[in-house]
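471 is the number of the first residue of the sequence shown in my numbering; add one for each residue after it.
Keep in mind that a hint or two might mislead.
Unchecked claim - The list that follows gives simulated cross-link-like pairs (lysine to any residue, SDA-like), each with its CA atoms no further than 20 Å apart:
{"hint": "1", "residue 1": "Lys606", "residue 2": "Val595"}
{"hint": "2", "residue 1": "Lys530", "residue 2": "Leu520"}
{"hint": "3", "residue 1": "Lys544", "residue 2": "Val515"}
{"hint": "4", "residue 1": "Lys606", "residue 2": "Gly593"}
{"hint": "5", "residue 1": "Lys530", "residue 2": "Phe480"}
{"hint": "6", "residue 1": "Lys606", "residue 2": "Phe508"}
Derived from the structure by calculation, the hints contain no laboratory data.
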Amino acid sequence: MSRDLISGLFWLAIAIFFSIEGLIHLKLGAVRQPGPGFFPFWGGVVLGLLSLVLLLNSLKNRDRLSLSGLKSSKFLLATGAILAYLLLLETLGFVTITFLFLFLLLRLEYKGWVFSAVSALGGAVSSYALFQLWLKTQLPAGPFGF
Numbered sequence: 471m472s473r474d475l476i477s478g479l480f481w482l483a484i485a486i487f488f489s490i491e492g493l494i495h496l497k498l499g500a501v502r503q504p505g506p507g508f509f510p511f512w513g514g515v516v517l518g519l520l521s522l523v524l525l526l527n528s529l530k531n532r533d534r535l536s537l538s539g540l541k542s543s544k545f546l547l548a549t550g551a552i553l554a555y556l557l558l559l560e561t562l563g564f565v566t567i568t569f570l571f572l573f574l575l576l577r578l579e580y581k582g583w584v585f586s587a588v589s590a591l592g593g594a595v596s597s598y599a600l601f602q603l604w605l606k607t608q609l610p611a612g613p614f615g616f
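All chains should be modelled from the sequences, with the hints used to inform the complete structure.
In structure tokens, the structure reads:
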């Protein structure tokens, strides 16, 4: 089995879980007044569609699973970054920790310093604008007030 096939099945299962939870156990709400299940449901739908694309692509290509290309140090660093994100979110605030997290992930993929910094800043600011300003979600402010 290919890595993409395994990943696609895994993310499809996660997507189905979140869509069901958002639709059945949480109130979905409406576009103008979203309920707590609105984001999990639509996030699950989008994730499910992307998982299906990955599954179809993997079935078309039929790549074999190979562990020789797996970089365990990158995996461990990315896993540590996720853990640090969770632990430092309240302390540093949403924008700061999101910027640092995205910057690290982009640098792990050997992107340039300037590209990584600009992309991470754009991702952090646009996420803040989406969730804090547009959707009026409370995000941890951190020591800098944002």
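Do the hints match the structure? See the list:
Only pairs whose Cα atoms come within 20 Å are accepted, and Lys606 paired with Val595 is accepted, the gap being roughly 15 Å. For the suggested pair Lys530 and Leu520, the alpha carbons sit about 15 Å apart, so the restraint of at most 20 Å is met. A C-alpha spacing of about 29 Å is found between Lys544 and Val515, which places the hinted pair above 20 Å, so the restraint is violated. Between the alpha carbons of Lys606 and Gly593 the distance comes to roughly 18 Å, so the proposed pair stays at or under 20 Å and holds.
As the CA atoms of Lys530 and Phe480 are separated by approximately 18 Å, the hinted pair is consistent with the 20 Å bound. Simply put, Lys606 and Phe508 have alpha-carbon atoms about 14 Å apart, close enough for the 20 Å limit, and the pair holds.
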